[in-house]
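Reassemble the complex: the two chains are provided individually, in unrelated frames, and hints are given to aid placement.
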Amino acid sequence: MPEDPHSLVAPYALDALDERDEREFEQHLALCERCREELAGLREAAAALAVGAPPAKPPPELRQRILDQARSERQNVVPLRRPRRWTPVLAATTAVAAAAAIVLGIWATSLDNSNDPLESVLSKPGSKLVSMGHYGGVAVGPDGQAVLALAVPPAPASKTYEAWVIRAGKATPAGLFSGRPGTSIVKVSKPVGAGSVVAVTVEPSGGSPQPTSKPFVLSGAVS
Amino acid sequence: MDRDLAHLTDEAVLSLVAESDDEALAELYDRFGGVAYGLALRILRDESLAQDAVQEAFLAVWRTADRFLAERARASTWILTLVHRRSVDLVRRQEQRRGEPLESAPEPVASEQVEEQAAIRFQRQVVQEALRQLPPDQREALELGYYAGLTQSELAERLGQPLGTIKSRMFTGLTRLRDLLAQAGLEESLR
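Residue numbers (the numbering used here), protein chains in the order written: chain X, 1 to 223; chain V, 224 to 414.
Simulated from the structure, these hints should not be mistaken for lab results. For every residue, glycine included, the Cβ atom is placed at its ideal position computed from N, Cα and C. It is possible that some hints are incorrect.
Unchecked claim - Some chain V residues close to chain X (C-beta under 7 Å, calculated; not the full set):
no.: 1; residue: 245
no.: 2; residue: 248
no.: 3; residue: 252
no.: 4; residue: 381
Said to hold, decoys possible - So these bits of chain V aren't anywhere near chain X, every CB distance computed over 10 Å:
no.: 5; residue: 231
no.: 6; residue: 235
no.: 7; residue: 256
no.: 8; residue: 341
no.: 9; residue: 382
no.: 10; residue: 387
no.: 11; residue: 393
Okay, chain V solo, but in the shape it has when bound (with noise of 0.2 Å):
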């Protein structure tokens, strides 16, 4: 257990991974558990159920990261679609969601309580931020479709807008967004 795989990018630990290398696979863990179990919990405002959701996701990185590979996409980017996915996949069968406020999010847990690294709370900030430089009505409807697990038409339904006001509210805001980290550079710092 005394590789040292810590000096590697993600994309490298992803192709140990694909050769079925657990320790690697533990690595991967060790840099975005946290992140997936925070994004997890967020959606699904229930630890076990966001505890399946982020195991869930590893089991399908373990199993098709030699797919992925090709893709040339980057490794944080693939394994945070795969959690996000699980938790809306789940959140959305717990029917008696469907009737809560919007408002009601899980307490959020203070940062320094949480053991991680650096890099990581750095980007949250600047993520916090850009969010912070979008319109209102942008970013109710990246938050809404994205934290809340909402579909298109259910946002539409709770917000009273026409469903291609929604859509457009969601390309804009997710475009303006994706430039803003490219300005902040967060590009660079999130490999």
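Bound conformation, chain X alone (with noise of 0.2 Å):
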């Protein structure tokens, strides 16, 4: 029997999902504005619950181990002249897709790290994560090497998703992708420059030279 969707986002605040139930949600979290504004105040809720627990007096050497553990990976990281916001370790070691998942509402869960192409972008100095709304966003590098990491469903029969860079109010296509459950990490396949925008529409299979709709996915002039 489907179930209507929005009525998970209470087990999801409690963590009280499978994780079949809770794949489900959160694609439909991704898109789903409303729960994504209910969720955040059913978490505080939540969270207060964790306050109510019985007090517990941790062991000391928890806080060093932690400290230390924190210490010894920052030392892999290459110091950098001005403050990182992605760095080859973040990259390695965690999921790279909670780049987009902690902004689409997803916290805590572990995803998919197989997503090479955001990886390798993020990993470079200078990158940048440029919002798209509640779908996601566009990983851009120093070099104008971009990868989108959208949260949209599979395209429709017939039809294509079809990425673009625009400049000075002219569109340039940048690759056909379909979409699939879960979080989308589509290569943009022309360099995205300062002031250009990345934008995503759906098109005809095959793509079309020119949007033939408003674009569905926007993203913020990469600066």
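Below, the structure is given as structure tokens:
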């Protein structure tokens, strides 16, 4: 029996879903602003339940263990001149798709870490993640190389998603993709320079030379 | 080590963590480590597993704080969400737990034996009082879901209730809890 995905928001906030329901709900969450807003409030209440648990005193060595481990991870990082946002060690040791996932309200679950294109962009110093609203974002490397991380459902039959790099009002086709359950990781086939915007439209199969519909995903301008 | 981070908000401390400031991580641990451990122990009922859960959660904070910052959500909510998540992941791997009666909880430690901030102790009282004000079936759904780490389906089976009923108790209970806490002014004091 198919269930109303909205009804899973409270069990999700309580971490009371099995894996399959959880995956389904996270896909829904990526597309449903209402659920993300609701989840924000319910998570506060769930965190209050955490405070309501009986107090216990952690052993003193736990603090030291955490700090030692944290410091040892930091030592692997090549120092950068300016505050870094994306580091090789972060990219390597954490689920990279989490970059998009946290923005989508998926805070705590580990995601598939096999998304190499995204990792390769985000691991470059000076790379950044530009939000594309609640669908996800686009990682842009210092060289203009860019990768989309978007939670979009599979494209309808005989349709495709088309990425665009828009600059000075001119849209350049930047690749086709079909979407998949979960997060789609898609290389942008054209460089994304400063002042550009990345957009995605739904086009007839085979793509179009120019957008035929309004973009349903649009990034902020890349700085 | 003489920097005084105590006057900073949780979010400000977290933004230092995002810049790989380990003293800031220590400060966050000092603020939330006790609550985190209490929660993990409540769920896992095993000191060594509870330590693992807390450690993994704080390291996740360390690794991903920069990504979380843009969220504008409360730092404490995020940290405790991570701790809960890790604890639930671990408890679900403990298969022998499955057959245990729901009632078995660890012996609570007397509050006065645990050094913690007065603010946390106050919050705990408010939360426990709010829980007492919930209808028993809603309270049960929240407690068994959140503290016992049961999924909604397991809960439905154990309580002999339809899944829809469990979902609705969780939703109504959590919403009401949120409202009760807001009335009690906990929103502000958690800041």
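Against the structure, the hints come out as follows:
1. Evaluation of the residue 245 of chain V hint against chain X yields a held restraint, the C-beta minimum of about 6 Å falling below 7 Å.
2. The interface hint given for residue 248 of chain V holds, since its Cβ lies 6 Å from the closest Cβ of chain X, which is under the 7 Å cut-off.
3. The interface hint given for residue 252 of chain V holds, since its Cβ lies 6 Å from the closest Cβ of chain X, which is under the 7 Å cut-off.
4. Residue-level restraint check for residue 381 of chain V is violated (minimum Cβ-Cβ distance to chain X is 12 Å; threshold 7 Å).
5. Once the 10 Å rule is applied to beta carbons, residue 231 of chain V is consistent with being away from chain X; the minimum gap is 17 Å.
6. For residue 235 of chain V, the non-interface assignment is confirmed: its Cβ lies about 15 Å from the closest Cβ of chain X, beyond the 10 Å cut-off.
7. Annotated as non-interface, residue 256 of chain V brings its C-beta within 10 Å of a C-beta of chain X; the closest such distance is 6 Å.
8. Every CB of chain X lies more than 10 Å from the CB of residue 341 of chain V, the least distance being 12 Å, so the non-interface label holds.
9. The Cβ of residue 382 of chain V sits about 13 Å from the closest Cβ of chain X, beyond the 10 Å cut-off, so the non-interface label holds.
10. Its beta-carbon lying about 8 Å from the closest one in chain X, residue 387 of chain V breaks the requirement of being farther than 10 Å from that chain.
11. A beta-carbon of chain X is positioned within 10 Å of the beta-carbon of residue 393 of chain V; the least distance is around 4 Å.
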